[in-house]
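Asker: Residues per chain, in single letters:
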Amino acid sequence: MKSSSNGLCGTSPVTLHAFADNEMKAEDWLAFKEHLSACPDCLAAYRRILALRVLLKRNRLHYRAPDALRIKIWAALQASSRPAPAGPDSRKVRRPIHRIASALAASLAIAVTLTLALNGPALEDEIIANYKRSLAVSLPSEGPSAAFRGEKPRLESSLDFIPPIPDLTGSGFTYQGARSDRIGRRGAAVLSYSYESSVIDLFIWPSRAEPLGTVSKQGYNILHWTRSGLKFCAISTLTARELVRFREVFVSKLPA
Amino acid sequence: VEQGVPDSIRLARFRELILPHLDAAYNLARYLTREPAAADDIVQEAFLRAYSRFETYAGGDARAWVLQITRNCFLTWAKSRQAQRTLPLDGRPASEAGIAYDLAGLPAGIDRDTPESELMRRADIEMVRTLIAELPEPFREVLVLREFEDLSYQQIADLTAAPIGTVMSRLARARQLFAKAWLDHAGRERR
Numbered sequence: 054m055k056s057s058s059n060g061l062c063g064t065s066p067v068t069l070h071a072f073a074d075n076e077m078k079a080e081d082w083l084a085f086k087e088h089l090s091a092c093p094d095c096l097a098a099y100r101r102i103l104a105l106r107v108l109l110k111r112n113r114l115h116y117r118a119p120d121a122l123r124i125k126i127w128a129a130l131q132a133s134s135r136p137a138p139a140g141p142d143s144r145k146v147r148r149p150i151h152r153i154a155s156a157l158a159a160s161l162a163i164a165v166t167l168t169l170a171l172n173g174p175a176l177e178d179e180i181i182a183n184y185k186r187s188l189a190v191s192l193p194s195e196g197p198s199a200a201f202r203g204e205k206p207r208l209e210s211s212l213d214f215i216p217p218i219p220d221l222t223g224s225g226f227t228y229q230g231a232r233s234d235r236i237g238r239r240g241a242a243v244l245s246y247s248y249e250s251s252v253i254d255l256f257i258w259p260s261r262a263e264p265l266g267t268v269s270k271q272g273y274n275i276l277h278w279t280r281s282g283l284k285f286c287a288i289s290t291l292t293a294r295e296l297v298r299f300r301e302v303f304v305s306k307l308p309a
Numbered sequence: 489v490e491q492g493v494p495d496s497i498r499l500a501r502f503r504e505l506i507l508p509h510l511d512a513a514y515n516l517a518r519y520l521t522r523e524p525a526a527a528d529d530i531v532q533e534a535f536l537r538a539y540s541r542f543e544t545y546a547g548g549d550a551r552a553w554v555l556q557i558t559r560n561c562f563l564t565w566a567k568s569r570q571a572q573r574t575l576p577l578d579g580r581p582a583s584e585a586g587i588a589y590d591l592a593g594l595p596a597g598i599d600r601d602t603p604e605s606e607l608m609r610r611a612d613i614e615m616v617r618t619l620i621a622e623l624p625e626p627f628r629e630v631l632v633l634r635e636f637e638d639l640s641y642q643q644i645a646d647l648t649a650a651p652i653g654t655v656m657s658r659l660a661r662a663r664q665l666f667a668k669a670w671l672d673h674a675g676r677e678r679r
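Residue numbers (the numbering used here), protein chains in the order written: chain A, 54 to 309; chain B, 489 to 679.
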């Protein structure tokens, strides 16, 4: 193989990698750094390592777990941690975890309503706090019609993106108004909808993070999804299933 | 479960501590198996196993802990896979045996071929993934653990049950093999 770093000065490539990886012992580090500035061979070899690391790091070579797998695993974990449902089977000994897993995998449609968001528990706490605050003060009283006239421009002026506000008339979900807020240190739009006697707050902000599915926390259900570079986070006291329906309605009314 | 912690709390703790590392586990399993379906099975097995022995997680780096379990599940899978076949997985030696350790530096040109500002096209990303996948197993593994998971040399040594010196030479060799493969590929492209 052409071009070795250890030709003339005797430095082992392993040393160079350790230096590049910041894995060198403190006492050797300074001495090697000085050597590097004096040895063109080593410097060139070191630069190649850095270039390679850039190549590997700058590009999205990391595989992301498929959503179906997340859903499946979360459903299996939930199943294995709650007591077996009452019924003819309930007196049997604990079934092997695999059996439960595959049984649940079969009912993926149900699993979707159980699902999960894999990151951002802190974010969810923030959203819950925000939701509770907004319930404590009275709801915007402008009603649906004001939404499409006054609210949107005002909202946009305080945000650096344009949230979609589709008209959900006739779906049972009634638009109550919008506000802007801060979530995770950035501006978010919050659309408020009512459904029967419940309130749904939909938080929207630009993000490519992709936790998906619903989560139950502190008695609230939160549903995450992403679309066109925006992150959507719906929170309500509604059931997970109703939230999923809300999302379906919401998405179906967006311009294609 | 046996420890008297309510299931709901146990599950919530698992969700906050361990589940965020699902992508890391999947990434490792995917590169090790080179088969999406097998990676799915291994990761699912690993997380159920991790949950059933969550009590043994003694703090520390949760990602390293779950990667260790994932790796064990992979080894079990590879063993059963090998038992079914007479040939090694891919016709390549499964260990370093037979792989020359000429610990040279990286080939010249790798620095010229990777302008820092330039992100790769989708097709190139798939190509690089393939090049990594084609590295022999111990090199592939150490490269993924270091470059994608940012584990320390010591963590990799613990996880792979190898002396730290072995980890270091494997990593140097892995980068060298990869750099050569990348340059060969880039050369073919240009021709």
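There's no promise every hint is true.
Capping the alpha-carbon separation at 30 Å, the derived lysine-lysine pairs in DSBU-like fashion look like this [said to hold, decoys possible]:
no.: 1; chain 1: A; residue 1: LYS306; chain 2: A; residue 2: LYS270
no.: 2; chain 1: A; residue 1: LYS86; chain 2: B; residue 2: LYS668
no.: 3; chain 1: B; residue 1: LYS668; chain 2: A; residue 2: LYS78
Think of the hints as simulated: they come from the structure by calculation, not from any bench.
Asker: Against this structure, judge whether each hint is valid.
Answerer: The hints, checked one at a time:
1. LYS306(A) <-> LYS270(A): holds, 28 Å
2. LYS86(A) <-> LYS668(B): OK: LYS86(A) and LYS668(B) at ~26 Å, within 30 Å.
3. LYS668(B) <-> LYS78(A): holds, 29 Å
Of the numbered hints listed earlier, not one is contradicted by the structure.
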